[in-house]
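Novice: Residue numbers (UniProt numbering), protein chains in the order written: chain R, 1 to 351; chain G, 1 to 351.
Read the hints as simulated data drawn from the structure, not as lab findings.
Remember, predicted model here, so these are calculated numbers, not experimental data.
Treat each hint with caution, since some may be false.
Identical chains blur together in the list; that is why a pair holds if it fits in one copy or across any two.
Stated by the list, open to error - The calculated DMTMM-like cross-link candidates involving lysine to aspartate or glutamate, where the alpha carbons are at most 20 Å apart (straight line), are: (1) Lys96 to Glu309; (2) Lys96 to Glu106; (3) Lys96 to Asp117; (4) Lys96 to Glu119; (5) Lys96 to Glu310; (6) Lys96 to Asp317; (7) Lys96 to Glu82.
Now for the letters of each chain:
There are 2 protein chains.
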Amino acid sequence: MATHGARGRSGGRPTLEEVAARAGVGRGTVSRVINGSPRVSDATRAAVEAAVAELGYVPNTAARALAANRTDAIALVVPEPETRFFAEPYFSDMLKGVGSALSDTEMQLLLIFAGSDRERARLAQYLAAHRVDGVLLVSVHADDPLPDLLAQLEIPAVISGPRSSAETLPSVDSDNYGGARQAVEHLLSRGRSRVAHITGRLDVYGAQRRVDGYREAMSDAGLGVDEGLIEAGDFTEEGGHRAMAVLLERHPDIDAVFAASDVTAAGARRALRDAGRRIPEDVALVGYDDSAIARHMEPPLTSVRQPIEEMGRRMIDLLLTEVADRRPLASRGLERRQMVLATELVSRSSS
Amino acid sequence: MATHGARGRSGGRPTLEEVAARAGVGRGTVSRVINGSPRVSDATRAAVEAAVAELGYVPNTAARALAANRTDAIALVVPEPETRFFAEPYFSDMLKGVGSALSDTEMQLLLIFAGSDRERARLAQYLAAHRVDGVLLVSVHADDPLPDLLAQLEIPAVISGPRSSAETLPSVDSDNYGGARQAVEHLLSRGRSRVAHITGRLDVYGAQRRVDGYREAMSDAGLGVDEGLIEAGDFTEEGGHRAMAVLLERHPDIDAVFAASDVTAAGARRALRDAGRRIPEDVALVGYDDSAIARHMEPPLTSVRQPIEEMGRRMIDLLLTEVADRRPLASRGLERRQMVLATELVSRSSS
DNA sequence: AGGTAGTGTGGGAGCGCTCCCACCAGTGAT
DNA sequence: ATCACTGGTGGGAGCGCTCCCACACTACCT
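Turn these sequences into a full structure, and let the hints steer you where they fit.
Specialist: See the structure below:
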């Protein structure tokens, strides 16, 4: 059969052609059965399936990719060093959700780190070669060139956490605004009124939305918005510590703090302790993320939980749709697909 | 050019043929340049490279895979649930090493979890489709059927931690025997003589080698081997706690313990505290792995460090060799490639 | 009777590479 | 002058699929 000698290949996997011969049908028909086309009679389908089973036929993905111009693979791109990936539960939860959504698909998931310049160059090369049908982008900064590259290469992509209110890419996010409101309203319902807010990095859209939520919750409660109660952090512990110190100096009568992340809250807690404030007696504290830190803090931290696993699943849904009906770019963007998931307040003893 | 209509494909990536035309050479010559064949004159090579640059040519991997019957991808298979993968630093270190060794290669790394039965079935399907050129197997239990499946499919594989002294697959491991000796000799040099050993899971070959190392170090020191000083653990904290309690009951005069892992040592430490023993005054303690646990224990734990990142790099080296000179199975196995890396004792205040 | 739609089905053409054979200089030995 | 070679090169054939056109065959109208 191999007319030009034994080139590689020892066992010799069966091909479509062989299955077709075995089943007594044509090549096209076998292809139709394999790909689940409805235009095949039941009898023929059964015959083909039997032949597939007998021969142990497994489609050759390379041939399929070449002929159909698709790869059946998508990439989860993490624009961070691996270290952060392993350190933050955000990523492993995301991965879990993505994996579960993909498990009843033929799609293969590739995990790609693009933290260093070198890794980014490799990724660009990889994408240029169109080795994936779509890309999942997590944790993207406002000025990242990756989304543009993807658009230029016409590779479908979904982003977790839009870069702005005018995000053009389909996105899945948790309700940062609503989550912030939950946090503040919870503190108010506990009888607090001098509620401060330590923000996240303000070049991250989600952090801004949390500020918005804080502002409107305060305002709706008739307390007005005292800009002096807002201090910028950067999602780090050190930033939280610094901001808290500033706030205490400015407003010694603060009786509650909403921090934009659990790590930030940990920093704030340290500053509060330094200043001799008791939690929650003197100052109630609420974080964001409901990470392991929240559970293990002393006292355990009330925090706003994001459904990260669910977000991963939704991102896959969006991406697969995008890949499936890959249409001319012109018609995209009109029907923006931005998905927002609800958050949940997990109440513990810090508030 | 596309004679049968615009099938997908909007931009139209340039092909080998187009590059050849541009450079005024034949298809074969361009292929030779792309693949770095030496049989091309310098002038021709330059012309082709210029054409490649001008056109922004990127090889089509699917076509290459089909024609050459290779995928340029290898899989790192983790036969554990994702949770363990993220929890144990072993895996992230391994991944780091593997990634760095691969970074100056064309090879793509796939991370595949095979913890559940479902995932394993998917993996089997994946391997049957020959979607990777080779497989890296980490953390394989003695009775895992995966190695046999790989052998049957004739897919090159490298294993981390041989399953027995008769391992047929190429493997990379740290020197468990030597590491155990280092630990025991260290304790003896500190003036201890009643040294106990809490083992790992004994169906893991590496754990057995550690016992061997312990035995021979004791015996070489002229202390003889008291089997009563050896108690089986299972790499878990609970197992370590239980074993330590048993040992203390049996030999209240123990003055040192070598635990087969840091986690085990943490369990042992708890049992020692329960029994009112001070570390290291009454009992010196040494662990294995030099994980984060060791650094954060109270007191900091002396531990045997394995060069995990280096192991990852070596595994890649072995695998790439294996993939490159993929020869008839018959000649394999004769020249077994088992690699063993040295360990290092990291001394801290627990001993 | 002759249309007019469907359903199934076979198989040609083509996806963009790699492999390998043929061939064409040159160069030196015979 | 003839016969090896040897470094370079062109291009046919083929990898195993998917796509789509063509061609049955049925129905069910006019």
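Novice: Look at each hint and say if it fits the structure.
Specialist: Do the hints match the structure? See the list:
{"no.": "1", "hint": "Lys96 to Glu309", "verdict": "within (6 Å within a copy, 25 Å between copies)"}
{"no.": "2", "hint": "Lys96 to Glu106", "verdict": "within (17 Å within a copy, 28 Å between copies)"}
{"no.": "3", "hint": "Lys96 to Asp117", "verdict": "between (27 Å within a copy, 16 Å between copies)"}
{"no.": "4", "hint": "Lys96 to Glu119", "verdict": "between (24 Å within a copy, 13 Å between copies)"}
{"no.": "5", "hint": "Lys96 to Glu310", "verdict": "within (9 Å within a copy, 28 Å between copies)"}
{"no.": "6", "hint": "Lys96 to Asp317", "verdict": "within (14 Å within a copy, 30 Å between copies)"}
{"no.": "7", "hint": "Lys96 to Glu82", "verdict": "both (17 Å within a copy, 8 Å between copies)"}
No hint from the list above goes unmet by this structure.
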